[in-house]
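Asks: Chain by chain, the residues run as shown.
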Amino acid sequence: MAPPTARGPRPPARPPQRAGQPGRGGVGPWAPQRGGRAAERGAARRGGARRAMAAAATTAAGRARRGTPMFSQKELTSKKRDEFEDILEERRLSSDLRYAMKCYTPVIYKGLSPCKPNAIKSVVLQSEQVQYVIKQLAKEMGESPDIIQEEAVEILDEMGHSMQLGTVRFFAFTLSKIFKQLFQRVCVNEEGMQRLQHAIQEHPVVLLPSHRSYVDFLMLSYLLYTYDLALPVIAAGIDFLGMKIVGELLRRAGAFFMRRSFGGNRLYWAVFAEYVKTMLRNGYAPIEFFLEGTRSRTAKTLTPKFGLLSIVMEPFFKREVFDTYLVPISISYERILEESLYAYELLGVPKPKESTSGLLKARRILSDNFGTIHIYVGQPVSLRTLASGRINLCPYNLVPRHLPQKPTEDIQEFVSDVAYKMELLQIENMVLSPWVLVAAVLLQNLPAMDFELLIEKTVWLKGLTQTFGGFIEWPDNLCAKKAVMSGLTLHSNIARLINGHVVLNDKGVEDGAVGEIVFKRALVILMCSTYRNQLLNVFVRPSLVALALQMTRSFRKEEVYSSFSFLRDVFSDEFIFFPGISLKDFEEGCFLLTKCDAIQTTQQEIYPTDKGSVVVSFLSAMFRPFVEGYQLIFRYLSKETKEAFTEKQFIPGVRNYVFQLLEKGTTQCYEALSSDMQKNALAALVQLGAVKKKKMSNGFSYSVNQEAIHKILDVFDARTPVQKPVAARL
Amino acid sequence: MDCCLVVGRRSWQEILKWNGWGYNDSKFIFNKKGQAEFTGKRYRLGGMVLPTFKEWIERTFGASLEHKTTSRASLNVNDVPPSIVNEEFLQDLRATKISYSQDAEDRVFRAHGHCLHEIFVLREGMFKRIPDIVVWPVCHEDVVKIVELACKHNLCIIPFGGGTSVSSALECPEEEKRTIVSLDTSQMNRILWIDEKNLTACVEAGIIGQDLEKQLSESGFCTGHEPDSMEFSSLGGWVATRASGMKKNIYGNIEDLVIHIKMVTPRGIVEKNCQVPRMSTGPDIHHFIMGSEGILGVVTEVTIKIRPLPEYQKYGSVVFPNFERGVACLREVAKQRCAPASIRLVDNAQFQFGHALKPQVASIFTSFLDGLKKFYITKFKGFDPNVLCVATLLFEGDREKVLQHEKQVYDIATKFGGLAAGEDNGQRGYMLTFVIAYLRDLGLDYYVIGESFETSVPWDRVLDLCRNVKERIVRECKEKGVQFAPFSTCRVTQTYDAGACVYFYFAFNYRGISDPIHVYEEIERAAREEILANGGSLSHHHGVGKLRKRWMKESISDVGLGMLRSVKEYVDPNNIFGNKNLL
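Chains as they are written, first to last, in this note's numbering: chain A, 10 to 739; chain B, 700 to 1282.
The reader is advised that the hints may include incorrect statements.
What the hints assert, rightly or not - The list that follows gives simulated cross-link-like pairs (lysine-lysine, DSS-like), each with its CA atoms no further than 25 Å apart:
id : chain 1 : residue 1 : chain 2 : residue 2
1  : A       : K704      : A       : K648
2  : A       : K119      : B       : K851
3  : A       : K119      : B       : K1034
4  : B       : K1177     : A       : K119
5  : B       : K1179     : A       : K362
6  : A       : K144      : B       : K1078
Don't read these hints as lab results, they were simulated from the structure.
Just chain B, with the same shape it has in the complex (with noise of 0.2 Å):
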């Protein structure tokens, strides 16, 4: 048995929350002054004091500081289900030397994801189902020889890349009687190579999104594909949901980037005979294995697109009268198709919230010149600070087109309304998208509970869809007897040609309530529900699972979901690969 790598796969799982999301040493707390603080030295906000956030959670929330909750502080091994592995598996495992555990806390590390109902029972309560052991391959071979012995003694293999899912997709099915094999890609994580002349790089699929790049930009190369959970998903994980990137505009979305894809399956392997920019062979086969979620077999390695390093980098903000301009501006960027590496509008409400992040000011000038901008806004310009809302970007390329872009922006934005707001917002913002995911666990400290969600949406409905939405979720607090009004915001987050995707943050207070997560789940279903219902999509890039699974029919059509079904049926006849996601 490999002890080393089971070690260093130790130390990364050590250095993260157990119970909540990202590292452990990065996360918010209330000083002892009472004012709110982001620990550790990972982000730019760590370390900084946040004068104004308290405030913000007690008028948005009605949350006090008095009213606490506390977790658990470690797992109680005691509670976990045992794990039930026959032996002759474990005999043929141990040939192979493949490295694996049986240890209680390893097996609930991989036994969720970051599902508001996942960090609650691990806060409070334990899972039904986890997996019986956790194995971890290192190449593409070790999988072979794990899906083969899984085939042979008929048991079930979860696949397990960074465990950022947020639709329920790396939950065991409660009814699993089969033993339960977490496949860990962690350790599979090398670039096999890098092709300068195609500009492609074949990288094995555990690699995590932070390290890829880290790597990649050591001989001067990126992928360019940054989802909001870069620092801890894997490329594998990425191919098996369809992730979306924040800098898609230059990059493309997964779909874009992947030229090969190798995946094992209990069939045996499926992949291309050469790597191509596109091809006519039928439809392609790529695509039943972009967003299968787990239930088909596990990618191993990914030929993926690369690009230099941009030489040059920009942030930028843009503020908006109003929500409606905001959106009329996207929508003609994306119409000229100019809109940069990423291009973001937040509503009044997110807008107020990442001011209530802003650090204590350094020093009396900024804090001056902060007053003398917002005077400038909203006394000279009219903007009414309830109703205004912001855009951030992001420019990426060689300085010269990057600065003749950001004038081209900036134009549209003046015909819609929209004044530059400059490159601190908007950087800010941007520092915002990895920070915010902390954020649920102190709500969760104070009685507060939430989540996002997204969509994809024609442009003609966007307006419509956000105000609708919105509203729904108001209602549905106010009908399931939540005690204050929740926090309901969304934002724009990417432009296509017919539409845009909309990203949607929601939270309450839900002293009182004595079921907290099942009244959630109500409203995020109601939501979802009226997403659907005002031309939405089921889901833009956080997939399926099993959160999502009742809508599928309706989504797709039940010839649709029958296509997919064969496809499993053919793949995986006796059900291996049993995560039970997406069908």
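So here's chain A without its partners, still in its complex pose (with noise of 0.2 Å):
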């Protein structure tokens, strides 16, 4: 059951009186009905103590206003971030089972009429959408109408969710068990809870958390339920359907499932864009889903996906809605879940298939520490104040809205524009633990390094990091020698503290074969790498800023800015950059670099400084592993005689090479050996030309322009001098 129908008592709307509007004579006919009953709750269950939230509502005012334009980037200066709070915290002193129990009368859409999840489905059912599509196949395919509405019965079934209040409280309490066991901390910025809060009742709302982890999965849920805001309907890969009970459970916990791939199957696409869209439209719930589309198995973001995003923004193209809030939503872990089970996949051992048995067997980890988990709700972007002045919707007046129609060019262009946009957001507020600085600092220094320098090193770093405007928790009173320490024992699977020394946490590499000793090595750099990626897109434009002045023999602007977009169109689909503003990019990593005096731009010339070097040869550092990578796999590639191959022979193929090269010494770059990378690189070579691809009737192939990749390598090769370049030109 998911919206109530019955409700309690509510306590009396507030005085419409807002913040910074002061005295208007009177009644004030503007004012919010239902604001703060969040924070009413929040501030009455915790005893009343905690800060107000008044701030929710003047930013809701704020919001129309001050909505964010389109091309604008990250604010440079450091942005003023929320608060956190511990949830786990009242859940360690209260009864679960109580919160469990306790009266859910959500916070709704003001335009909801509630509805129970079949009346939904027969809704998607009866629409002109469906039904168009149902006789247009009808007609094509010379079967009865009824067969073919049968068959968009059966994916209703398969899809639609069931979300039951009695479900949901189940996860309330078992979920709160788990993560006290799991977590020392989960935290929210409860003014984020309060934006969402006013956004839910304002209009329909799309949460877009990141995705690291299945933990990500109800998270949410669990989050909304314990600020009683409306739950969300969450969309989730058809793999689940596989598990046992669980899957059952999800789907009552507000879960809908759709298959990964249904391009080709137009009932499919009709029914299930009009199920998602249905429940937009109503207000029925909160819609989540993964931009990303699967979980990042490096913690590194990955390109967003359009298809969803494109559906629950085509009612507002259409007008169906006035408004549709997005709200991106960054969930850090200090320690994943998964890390150990992604190295292994990483490393092409088989992602266990998902099924109840193992997620039993999985729970011995109940027994292991995973440390905090941050959920930083951003502010919530209208697409109206995105679109503004962007798309032209004549073609959506010329034909019938219920029409399955291709999105225009514009509107394609646009869609992609803010996927990338959110995924930014979602990167802008992902919390860094110092774990985070020090497996970046250690990937440099291996395979062992002093204690002392590591902890002055992560301290140097965590200055670096904040100028470029990362996230870091470090508690003010938290000693750098206590932070590096903590995260060394919440990490003790990947690096230990012995004698003195910070050493990869390889066991038995010592004995056994060459390639097992490779492989187990390759294990341990791949989990630690993992940390080190948080920071990547965090210092991307600045890093790529010094590894073109790396490869540029001259200063001149141009020829770096030219540098600088070869890395950025090689890297495009390793790091997130927001399409088109190659220049902005450039110049935002320029000023980063200025700022904190690692170079000085003059109106034609960019020259690193004399204490520079330092900063700039540590970017470089942290990106080479991408660098010697990509080069490896272009240089596998460039050997490729086939004349087309597929996906399935590439990724064994490269493997392969870059374990022999490994194995002889000839390389160090372990990180060459992530499918991730090698799937990223492919797919660059196909947006550069390099490599062709074509659709075949089982998945792709490829073909390679041998020309194209050596033109490629050559820029790489005969411009990237091996050894510290920086020292030897000042």
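Dock chain to chain to rebuild the complex, using the hints, since each chain is given by itself in its own frame.
Replies: Shown next as structure tokens:
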């Protein structure tokens, strides 16, 4: 059961006064109707001592006015962010059972007409949109519409959620138990929840969390339940349905299931799109999905998928809703539950199929400690504000709105821009733990590093990260040594302190075959890099400038810029760049480097400063695994002799190639073993036109353009001096 | 010079407000007791006290009777731009014996229509450019002479009918250096003949709507064309804007009514060789004329369809639980093609507004009945008074058919949860249409400015468009610093097979805003953008004028605009009809 039909008594609405809008002579008809409920509850729940969330009211007012312009980059000055509250704290103090059984009367969309999950299904089935496609298909295939209709019913039954408060309460109880077992703290920015509360009442809301772990999956539901907000419906991969009981439980907790690929199936597409849009239009529940499409195995944000996003944006384009709020949400883990699974997977050991028994087996991790989770609910972004002045709606006016219509090019471009913008907002609010800094330093000093030096470097990197706008959760009173130590304790499976030195924890490396040694080392390095990776999207612009400076022989801005552009294109699938603003990214990179005194710029030229060499070489070293990894992969492809190959052939091929080089000791670039990097590199080559991608009946096939690939390699090789070029130049 | 006619003309001008809507003697005031009252005897509401209206104004706008603005009492002749007319032209004009005037009041009266910003200027400022001279032709031949003179002396002519434009169409282009001649058609107001066999009448284009109907009714006929402005607007104006009438379901819009048009252009006279119901002779040249907004020439004579006066008229009204159900009902009525002469659906805000304009009830009995009705609808039927909405109906024809028709419509309404709400409510609804225009003048006295605008939209988008435009207005007001939530409301006023006409009213209290007109215009512009984004048209019947020109290209495409331009270039190469409307 989703939206409650019977409601308990409500506190009286607040007097309609708004901060920042003093005396308007009595009545203020602008007043929000149900302001501050969550605040009141939150405060009451916690004994009223909490900061009142008055700020939210002001933000709601300011939102429309302030709406972020599409192309503006993140603010470069250090940004004021909300503070966090630990929601587990209260769970440790009071009864989980009582919490699970609490009176739940959530804040809902103002225009909601409550209905049951099954009612939604029949609305979808009867909708003009679905009926149209059914009739079309019936005509084309010469079948009776009833048969196709039945197919649609089956699709809906497979797809549809059946949210029930009972199941939600069950999860509220079990998740409380599990979270308390696994995590030290689950921290949320309450101001974000406040803003969300207002947004939910005002317009349909789309929740866009980052995706690093299965834990993300019910995290937001848990959170929204805790704060008495309408529970989301969550887009989930169909593979969850393979799990006995659990699949059905998720369904009852609000998950709906989409097949991984259904490009060709028009009926499926129509039913799915209409199902999502119906829920959005009715304001039935916030719609939650992962822009990245899947869990990022590397903790780096994956490039966005556009399908679901364009579906949820369409009701606004067609003006079926006045506006839609997109809410970027950053969920950061101090230690990722699946870290070792991911590493295995990246190295080609297949991911275990989702299964209930697998889940049960995994319960031994319950005895482990996974630190803190930070959830930052970003400012809701008004789609209307984003679209203002950008898109021509004429195409939608000239065709009945229920007909399936391929989005125009400018709409597609807009959807892509919005997707990237949302991911950049996620990245901006990702919380970085001290351990992330430690991992970044450690990876540049393998296999062992002096503990004191590590602390010193970590502190130095903390400063740099903050200059670049990174969001580090490092309590003011926590001394560096303790911070590093606690990171090491939490991640003892990756690195350990031995005799004043921090060493990688690749147990058993000494003995065993060479291959085994390489594999084990790769495993721990990939795990470690997962944490360093969390820094990369914050560092990527200045770092690519630093790399470009090294690649370019001259200091001329244009040449540095063209190298920067080249790198940005090559890494376009590896890191998140807003499409088409290469120059702005370059300027941002230069600005940040200037800010930390690493470079000086004149009208025409860019010089590294004397003391800047430390920064520049650190930054380029940070990204060197990618430069070297890509070179290795490109080189492998340049030796590819086959006319055409599939991804299934490419991945093991390149893995073996790199593996052999590692065994021989020709390279130290373990990260090139990562299938993620291999896929990204291949995708980049496709985009650069050096590899041709063709759609075949069973997936894609690739063929290499040798000339183009050699050209790219030349840019890398010929111009990348191998050893410390900065020092040489100064 | 024929003085008599000018005096006749002046007397009409003199019973109208110079700085507001309608008759001088008809207006809303607050009487000594502080109660609202409508003055004059011209309307059913005249002389009645409206006990709840003041409270409604205060509640809706946050306006207070203590905060008042006052208009200038009369026109300050010294502010008026001087009349610059070349003497040779005047000599030629005198020779034609056509009456004219260079008087400041006459010129200012014809320098504007009834857009908010125009009225605001009249109350507080002065137009930068107004006509230099007003001429009163009395017949087609006079117009031919005037146009010839204008071509000879290279003058600019702006035709003027009833002066009720709401698209800035009558505003003089500021940069116009030539002498501007306001060609007032009001003296061309005769019915030339009535053809009872074919049911047509040939009428001079300057006739005012109410006069046309009055005179036709003497012979037992009517045109049935009743735009809300029919008390003041002219036949020629209807043609020039592509007007639409309230009862178009029976009688049709202007394009359905017109059989023949005679128009004087700088290139000569344009007309057809016969008066037939339809012809296939290439694109209909009438469609260049209808909606040409005075940029091609002056319409002088129109042959228009007439009908015998209806035997029986009956008003009616239906209450719906909500706007969605109401729209669904109207759609069904349109689908079954059984729309009464008029059917309109007002949203809740307008329903409440209409309620606030209810006069004091005469007896305890009526008040008891009202109470009973209210109880029945809200308590027994469970309608939420803050959600419900009302449709008003007008049936016309022979008695038996009307009653039959009425039943059919009420049966449909019942299917959509509608409850019949009586004749009286219906009739009051239509009366308010005429009176509502007077309200703006009252608002202006108390820092409330407002306007109406309209659009046409396909059926499936009606609800979305209404909701989004109203919401957009509210948001824009908030963003632009308007201190009180605006009055933002709509009604569906016409039904067609494929869509509907929607009318918006929008008003707000501008206290605390330094440049209210600018703010108002920005909000109206945003609302229009919203309409277009929702698949609505630029205009259903108000026309484009200068107010909505910027969207013409997007509305009819580059090529479409070029087609219109090429017609203009051929017909009027020297831009004699230089009011700069439309293109």
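Asks: Hint by hint, note whether the structure agrees.
Replies: Going through the hints against the structure:
Restraint check: the Cα-Cα separation between A/K704 and A/K648 comes to about 23 Å, which is no more than 25 Å; the hinted pair holds. A distance of roughly 66 Å separates the Cα atoms of A/K119 and B/K851; the hinted pair therefore is violated under the 25 Å criterion. Using a Cα cut-off of 25 Å, the hinted pair A/K119 and B/K1034 is violated, with the two alpha carbons roughly 32 Å apart. Distance restraint check for B/K1177 and A/K119: the Cα-Cα separation of roughly 19 Å lies within the 25 Å cut-off, and the hinted pair is therefore satisfied.
A hinted pair counts as satisfied when its Cα atoms are at most 25 Å apart, and B/K1179 with A/K362 does not qualify at roughly 56 Å. Only pairs whose Cα atoms come within 25 Å are accepted, and A/K144 paired with B/K1078 is rejected, the gap being roughly 45 Å.
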